[in-house]
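Engineer: Please put together the full structure from these sequences, using the hints given.
Residues in the sequence shown are numbered from -18 upward in steps of one, following our numbering.
Hints are computed from structural coordinates only; laboratory data are not their basis. For each residue, glycine too, the CB sits at the ideal point set by N, CA and C. Warning: the hint list may mix true and false statements.
[Said to hold, decoys possible] Label-pair ranges, simulated between beta-carbon atoms: (1) Q46 to L11: 33 to 39 Å; (2) Q46 to T23: 28 to 34 Å; (3) C0 to I20: 45 to 51 Å; (4) G24 to Y(-5): 20 to 26 Å; (5) S(-3) to E21: 18 to 24 Å; (6) L22 to Q46: 27 to 33 Å; (7) D44 to Q7: 18 to 24 Å; (8) Q46 to S(-6): 19 to 25 Å; (9) L19 to Y(-5): 32 to 38 Å; (10) S(-6) to P29: 47 to 53 Å; (11) Q46 to E(-4): 20 to 26 Å.
[What the hints assert, rightly or not] Listed below are the simulated SDA-like cross-link pairs for lysine to any residue, each with C-alpha atoms no more than 25 Å apart in a straight line: (12) K27 to N12; (13) K27 to T17; (14) K27 to E15; (15) K27 to T16; (16) K27 to E13; (17) K27 to Q14.
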Amino acid sequence: MPSIGSRSVEKCSYESRECRAELDLQISLLNEQETTRLIELTGRLKVPTPADDELPQPAQNVDPQG
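Structural biologist: Here you go:
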């Protein structure tokens, strides 16, 4: 049977993971908003950009559920 001390550590560790996951999500959402804004501004300024087929492909696909 775990002691009260180890339960506290487990709870703290779980809460830390939850906080980190929430922070990661918030950072990702802010990054997406900023990227979208930059794309919109680039379009308004008519900044020349390479064609999609000239852009490098990502090194790996990212699984959003992973």
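Engineer: If a hint holds in the structure, say so; if it doesn't, say that too.
Structural biologist: Here is how each hint holds up against the structure:
1. Q46 to L11: 33 to 39 Å: violated (21 Å)
2. Q46 to T23: 28 to 34 Å: holds (30 Å)
3. C0 to I20: 45 to 51 Å: Distance hint for C0, I20 is violated at roughly 31 Å.
4. G24 to Y(-5): 20 to 26 Å: Hint violated: Cβ distance 44 Å, outside 20 to 26 Å.
5. S(-3) to E21: 18 to 24 Å: For E21 against S(-3), whose Cβ atoms are near 36 Å apart, the range 18 to 24 Å is violated.
6. L22 to Q46: 27 to 33 Å: Cβ of L22 to Cβ of Q46: about 31 Å, so the range 27 to 33 Å holds.
7. D44 to Q7: 18 to 24 Å: At 20 Å between Cβs, range holds.
8. Q46 to S(-6): 19 to 25 Å: holds (23 Å)
9. L19 to Y(-5): 32 to 38 Å: At 37 Å between Cβs, range holds.
10. S(-6) to P29: 47 to 53 Å: Roughly 50 Å apart at Cβ, these two residues keep to the hinted range, so it holds.
11. Q46 to E(-4): 20 to 26 Å: For E(-4) against Q46, whose Cβ atoms are near 23 Å apart, the range 20 to 26 Å holds.
12. K27 to N12: holds (22 Å)
13. K27 to T17: holds (15 Å)
14. K27 to E15: At roughly 18 Å apart (the allowed maximum being 25 Å), E15 and K27 satisfy the hint.
15. K27 to T16: Cα-Cα ~16 Å, so holds.
16. K27 to E13: Cα-Cα ~21 Å, so holds.
17. K27 to Q14: With Cα atoms ~20 Å apart, K27 and Q14 stay inside 25 Å; holds.
In summary, the numbered hints that this structure violates are 1, 3, 4 and 5.
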